[in-house]
Each structure stands twice: as structure tokens, then as C-alpha cells.
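Protein chains in written order, with this note's numbering: chain A, 342 to 765; chain B, -19 to 317.
These aren't lab readings, by the way, just hints derived from the structure by calculation. All figures in this text were calculated on a predicted structure; none of them were measured in a lab. Heads up, the beta-carbon is just placed ideally off N, CA and C, and yes, glycines get one too. Be a bit skeptical, because a hint or two may be false.
[To be verified] Keeping only pairs whose Cα atoms sit at most 20 Å apart, straight-line, the calculated EDC-like set for lysine to aspartate or glutamate is:
{"id": "1", "chain 1": "A", "residue 1": "Lys467", "chain 2": "A", "residue 2": "Glu676"}
{"id": "2", "chain 1": "A", "residue 1": "Lys426", "chain 2": "B", "residue 2": "Glu55"}
{"id": "3", "chain 1": "A", "residue 1": "Lys527", "chain 2": "A", "residue 2": "Asp517"}
{"id": "4", "chain 1": "A", "residue 1": "Lys532", "chain 2": "B", "residue 2": "Asp167"}
{"id": "5", "chain 1": "A", "residue 1": "Lys603", "chain 2": "B", "residue 2": "Asp153"}
{"id": "6", "chain 1": "A", "residue 1": "Lys532", "chain 2": "B", "residue 2": "Asp153"}
{"id": "7", "chain 1": "A", "residue 1": "Lys398", "chain 2": "A", "residue 2": "Asp619"}
{"id": "8", "chain 1": "A", "residue 1": "Lys762", "chain 2": "B", "residue 2": "Asp81"}
{"id": "9", "chain 1": "A", "residue 1": "Lys483", "chain 2": "A", "residue 2": "Asp461"}
{"id": "10", "chain 1": "A", "residue 1": "Lys503", "chain 2": "A", "residue 2": "Glu704"}
{"id": "11", "chain 1": "A", "residue 1": "Lys759", "chain 2": "B", "residue 2": "Glu279"}
[Unchecked claim] For each label pair, taking beta carbons as the anchor points, the in silico distance ranges come out as:
{"id": "12", "chain 1": "B", "residue 1": "Arg225", "chain 2": "A", "residue 2": "Gly421", "range": "48 to 54 Å"}
{"id": "13", "chain 1": "A", "residue 1": "Lys527", "chain 2": "B", "residue 2": "Trp246", "range": "44 to 50 Å"}
{"id": "14", "chain 1": "A", "residue 1": "Lys527", "chain 2": "B", "residue 2": "Gly163", "range": "19 to 25 Å"}
{"id": "15", "chain 1": "B", "residue 1": "Thr80", "chain 2": "A", "residue 2": "Gly421", "range": "31 to 37 Å"}
{"id": "16", "chain 1": "B", "residue 1": "Ala136", "chain 2": "A", "residue 2": "Glu604", "range": "51 to 57 Å"}
{"id": "17", "chain 1": "A", "residue 1": "Pro711", "chain 2": "B", "residue 2": "Thr80", "range": "51 to 57 Å"}
{"id": "18", "chain 1": "B", "residue 1": "Val160", "chain 2": "A", "residue 2": "Glu704", "range": "39 to 45 Å"}
{"id": "19", "chain 1": "A", "residue 1": "Gly531", "chain 2": "B", "residue 2": "Val160", "range": "27 to 33 Å"}
{"id": "20", "chain 1": "A", "residue 1": "Pro711", "chain 2": "B", "residue 2": "Ile46", "range": "53 to 59 Å"}
{"id": "21", "chain 1": "A", "residue 1": "Asp394", "chain 2": "B", "residue 2": "Thr70", "range": "35 to 41 Å"}
{"id": "22", "chain 1": "A", "residue 1": "Glu604", "chain 2": "B", "residue 2": "Thr70", "range": "50 to 56 Å"}
[Claimed, not checked] Over the 10 Å line for every Cβ pair with chain A, so calculated as not near, a few chain B residues:
{"id": "23", "residue": "Thr19"}
{"id": "24", "residue": "Ala122"}
{"id": "25", "residue": "Gln222"}
{"id": "26", "residue": "Ile245"}
{"id": "27", "residue": "Thr258"}
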Amino acid sequence: MRRGIAATALVAALGVTLAACGGSDSGSSGSKGSGELSGTVTWWDTSTVGSEDKVFKKVAEDFTKAHPKVTVKYVNVPFGEAQNKFKNAAQSGSGAPDVIRSEVAWTPEFADLGYLAPLDGTAALKNQDDFLKQAAASTKYKGKTYAVPQVIDSMGIFYNKKIFKEAGVQVPKTVDELKAVSAKIKQKTGKTGLYLRGDDAYWFLSFLYGEGGDLVDAPNKKVTIDSPAGVKAFKVVKDLVDSGAAKTDATDGWNNMQTAFKEGKVAMMINGPWAVADTYAGKEFADKANLGIAPVPAGSAGQGAPQGGHNLAVYAGSKNLDASYAFAEYMTSAETQAKISKELSLLPTRESVYLKSDVALNEQIAFFKPVVDKAVERPWIPETGSLFAPLVTEYTKVLTGQTTPEKGAKTVGDGYRKLLKDWK
Amino acid sequence: MAVDTTGQSVAKAAGDHVARGRSRGTGKSRGAAKRSLSTHWYAWAMVAPVTVVIAVIIGYPLVRGIYLSLTDANERNVARSIGVNQIPATYEFVGLDNYTDALTGSQFLGTLGWTIVWTVSCVALTFALGLGLANILNRRIAGRSAYRLLLILPWAVPGFVSVFAWRFLYNQDNGLLNKVLAGGGIDAVPWLNDPTWAKLSVIATNVWLGVPFMMVALLGGLQSIPGELYEAAEMDGANPWQRFRHITMPGLRSVSTTVILLSTIWTFNMFPVIFLLTRGGPGEATQILVTQAYKFSFEVSPRDFAQSSTWGVLILVLLMVFAAFYQRVLRKQGEVW
Chain A
342 MRRGIAATAL VAALGVTLAA CGGSDSGSSG SKGSGELSGT VTWWDTSTVG
392 SEDKVFKKVA EDFTKAHPKV TVKYVNVPFG EAQNKFKNAA QSGSGAPDVI
442 RSEVAWTPEF ADLGYLAPLD GTAALKNQDD FLKQAAASTK YKGKTYAVPQ
492 VIDSMGIFYN KKIFKEAGVQ VPKTVDELKA VSAKIKQKTG KTGLYLRGDD
542 AYWFLSFLYG EGGDLVDAPN KKVTIDSPAG VKAFKVVKDL VDSGAAKTDA
592 TDGWNNMQTA FKEGKVAMMI NGPWAVADTY AGKEFADKAN LGIAPVPAGS
642 AGQGAPQGGH NLAVYAGSKN LDASYAFAEY MTSAETQAKI SKELSLLPTR
692 ESVYLKSDVA LNEQIAFFKP VVDKAVERPW IPETGSLFAP LVTEYTKVLT
742 GQTTPEKGAK TVGDGYRKLL KDWK
Chain B
-19 MAVDTTGQSV AKAAGDHVAR GRSRGTGKSR GAAKRSLSTH WYAWAMVAPV
31 TVVIAVIIGY PLVRGIYLSL TDANERNVAR SIGVNQIPAT YEFVGLDNYT
81 DALTGSQFLG TLGWTIVWTV SCVALTFALG LGLANILNRR IAGRSAYRLL
131 LILPWAVPGF VSVFAWRFLY NQDNGLLNKV LAGGGIDAVP WLNDPTWAKL
181 SVIATNVWLG VPFMMVALLG GLQSIPGELY EAAEMDGANP WQRFRHITMP
231 GLRSVSTTVI LLSTIWTFNM FPVIFLLTRG GPGEATQILV TQAYKFSFEV
281 SPRDFAQSST WGVLILVLLM VFAAFYQRVL RKQGEVW
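Throw the hints in and build the complete structure from the sequences for me.
Set out below in C-alpha cells:
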């Protein structure tokens, strides 16, 4: 009898405790002892609006199927604004998301500023050996892992096969050929050959690598943008624009580029896998076979495109760390990556996903995989994310004739030396 | 006028009070303060919340900004606490170094040059156009209220909406302006992609946004000029230009001095037009002082809070000098504002 009362009391007490746990899923608390995740995970996605974002939103919200007590709040932040917006919110301690889709170059910077939670030993990292080495490289900072690779990418030439046929030209393999091909396209069809973004210096990188240059030489702590190779690269892009082989814009470059290419007003653009879904939406590419993709043109010293991509990082100030770790793991799992790759032709970061049949058969992924394998890695130093702001100003100035390639390169180099103390 | 009278009476009352206090010969200002508190406690209590709010929302940021401009604070060395990461502040006091850098480097002076060109041309154009339109609308013309309504429209639309609309118009390939020009057989103009065109484009947009304010203010001024003056002048044989020169302009003086001062300060600090239209580009061609200060604080990385505050303080000083100078000039002409 007595034992019976004690047991009842124990059960009742447990019941109260459990109820208390269950009742606290207001978002401020994460998982409790019971092991079930609860609360809200806010995710800032930066994918292309109008095509990629719909797929990502749906996949993200499917997270609740496995964890019904977790609410996923999907927010699309335009890629160009996300870095600053996150830094603002993270520093002030309010309004920052739990999980952010961080561009590879941002990750070491955010980690250095103390904004990211280290992920080693958490639920966020599973089957780490499966990740491509280049993709994982950007997630490490000072011996710790601060993010999970989500997608990897690089750049190539997107071309309009119909226009090429009309003009009777082949895909250019070098910058010189590119000029010749553009001239012929202009002569035969009246259209411009290449659209080159003038408001984003990322589009300048493959020309820089092509001339044998780079932004900085991290192992030797040397600034190399103002080396002769860097100056030459500035001359190459300026010549492309001045000679009419390429057109450019100093504002709204992304929209203008996509519109011009999708409407068949330009024959080529340099772009990455993230643009594939949006490009197919254009009337010129209603027949998907009309889109051709080729490696970026080589310069005088070689051929190379930058390695890019995105990681998922967890904000150190998140009130819901456990659910956030689980969300990052879910979004980068092999199943999710396969789904995303199938719908958007984005490149997965896991070796195993490439072996799945519908990923292996995807033409765009099959094209970009070898490009990514050879892509030029950027130095994963905290300042990597800071290197573009000084570059883009001078790049635009060179293209619009406000400064010479020599002066432009020198100004960027001086800016880097101020940023990277003690570098040559 | 009403304002003047009140001001005088307040001054007189205050003067009386002080005189009485002294005449009693206590000589202790403390006692005076105490008495002032006891007689005027109600007024002090009423004013206190406002004073506190102003101190918090204006005074504190101002003092903080001036302090930051004397340090080398940036994103990497300010204090922050994010979850488990507690990072203490490590920035240092550097005295006037930031000011020396700004005033001896070419960037501040270059940006200041364009800011002055931008301000002077915008204010001059908006004032001239506003005056012209106000004069037309002051006459009895058919459909006057419809015209007034249309001309005030740019002001009624939120600024950022207008600026985005202009951005679409200016688009080199798909913008309406170039399509119209193409219809006339003229080559596309690189509105926002060429430094010179970009400068003209931002000025045009700002003038379009600023004219309604000038027009409404000057129209109000025009309507306060008695019609008899014009009638008398006409009787004396004054031609329209003489009437404009000797009646309209003097009659508008108090309104126009105020709107020119306001418009100068607004245009000098006109952030949205530049930022939303060109982001200061192409390159740095249209960057004015405030957009550059914003860039230091929010766009470059690591964010340079010290430099940004320095530019902010310099902007404040420049505008205060301008306002003081302007006031002195007006006072010489017998104007009070």
C-alpha cells in the first residue's frame, strides 16, 4: 500500500516535470532533458529570389516533419545585403538569425569577430569525411569548425547556342578568341557578345587568375593585386568593354545581366550554377537545350575561375542552439542536398551525393564538377570578406574611365596593405 | 509677430525676476535657485521629461560620436557579447589623428568639393523652378487647383519610392528614358554608368523631389503680398519685370531666406537620393559626405566607426559654420529669423 502511494507520487511528480518542459516551447528555450527539440529557428537564406528561394523555403520548412515542435522561420535576405545586415544584427545582439547562409569568404570573418558558434562535437556535423575538401576548407578557422558546407560553385561562360549558330562561331577558349567571337556576333546579328558585371568584382576574378594574378598571396603575406599581372588583368577587362566586345553596368548589374541574357540581347555571360534556374525561366531558354556552358576564357598565363559557395553557420547568440545545430545538419545532409541539386542544378558539397543517379545525370552539375575541382581557392583568412569593397570601387572606376588600370591596381593594393597589417 | 511678443514678455519677466532677486540683497545664487525652484517647480516638472528625452536621444549620441572620433574604434576592437563570446573593448584614444587624416587626405576634400557642387546646384535649381512655378500658379489660370495638385505630387510620394522609380527610368538598356531617346534616333545615354551623367542624374532627381516644397512655400509667400502694391505699381507704369524685382522679391525675402537655409541643410545631407540611385557610384563619383560616412560605418569591412564619426562631426561643424555665416549676412540685410 505504502509503496503504491510512493509510486503514484513519483509518477505524478514526473508528470508535472514533463508538463513543465513541454509547456516551454515559446522559442526562448531549446531542447530540454527529454531530447525532443523545440522552439523557433530563424534562417537567413541568400539564394536567388524568384527561382532558388522557393525551393529552399519549402525544404527548410520540411524540417518540422522530423521535429514537429520546432518552427522554422524562413527569411530571404538579398545576397548583396546579407553580410552587412548580419554584422549589424550580430553586433547589437538583437535581430540576428539563428542560422545564416554564409558565403565562403564571410565565414572566417564572422568567426574572427566572435559571431559564430563553434560546431565541433555538436549535432551540426555528421559524416564530416564525406565533405569535399575544398568545400570544408572555408569552414575552419583557428583549428575549429564554424560552419557546414551547403553548396559549392565556380564560374563558367553561359552562352546562347542559337545566337552562336546564327553567327557561325565556336565557343571562345581565350580572351583573344572572345574578342574575335564578339566582333563576329556583332557583325552577323547586331548583338553584343559578352555581358560583364561592372558593379561586382567577383566577376573580375577569372580574368585576374587568367593573367596569373591574385588578390593576395597569403602564405607569403604579400599583396599581389598591384603586381604586373594584376595591372594586366585590369587592362584586359577595360579593353573588352572599350572595344565593344562586352557591355557592362555600374548599377543593377545582376538584374541587367540576367535580363539581357534571358532575352537574347547578349550572347554570353560569365556566371555560376546559382544562375541556372533563373536563366531557364527566360523565354530564350524555354528550350533548355539552348543554354550552353563552357569554361571561362583563359588569359595569357592560364585559366581559372574562383571557388565559391555557401556554408550554414550558427549564430553564437542563438537562444536555440540545439535546434539550430540540428537544422544546419538537416540542410546539409545528403538527402537534402540531393533534392536541392535535382531541382536547382546546384552543386552538392558531399562526395556521396554525386554518386546518386539523378545528380550524376544532371548536365549542369556534370559540367561544373570538374570546374570546381580545379577552381582557385581563395585565402581563408578573416580579412577575405573585406577584400572586395576596395576592389569593386576601383574596378568600376577603371571600367568607367575614371582611373587607369595602373592607378586603380595601386589604390587597391594600398588599401589591402592598410587592412592587412605587416603584409608586403 | 505673435512669437515676438511672447519672447519679449518672457524675457522681461525673467529680467524682473533676476532684478528682484538681486535687490533683496541676499547675494546667494543658491537661494535664488531654490526660490526659483519653489515658485517654478511646476514648469520645471513639465519640462523635465522633454529635457531627459532630448538628452538621451540627441545629447548622448552626439557626445558618444565626438568621443569615438577621438579613438581608433572599429568593428574588431569594440566591446561585444554574443552568446558565450564576451569580447572586451580594446580601442585606444588617438587624439585628433582622425581629423588630421581627414583634412590632409584627398578623400575628404574631394568628397566635400562634389558635395558643395551638388548642394549649390540643387538648391539654385529648385529655388528657380519653384519660384517660376509659384508665380504661374499664383495667377488666375484655368485648372489652377489641378495643376497645384499635380505639382505637389512628387512630395506626396515617399522619397524612396520616387528614387526607385527614377532608377528604373535611368536604366541603360530597359529604362524608359533611353527607349524614348531611341525612338528619336538618339544613342542610349549611360545615365548612371558614366561619372558625369551620373552626377547630372542625381541632381535631376533631387530637383524633381525638391521643387514641390519650394513651390508651396513660395506660393504661400506670394499670397501674403497685398495686391494693392501691384495695382499701385501698375498705375505708376512699372513693367512686369520691375514689379517682380521691386515688389515680389522683397515681399518673398523672409520666406525665401528660410527655405534656402533649410534646403541647403537638407540637400547637403540628402542621403536617400544618392544612396538608392547610385550608392555613390560609379566608383565614388557621386559620393557625398553623408553617404561616405555611412559607407565607413556600415559597408566597409572592418567597419570604421572612428572615421565615420569624424566625418559626422565635420559635417555638423560645416553646417553650423554655414548657418552662423548665413545668419550674419541676413542680419546685415536687416532680416531676423
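Open item on the list: Of all the hints numbered above, which does this structure not satisfy? Sort the numbers upward.
Closed with: 16, 19 and 27
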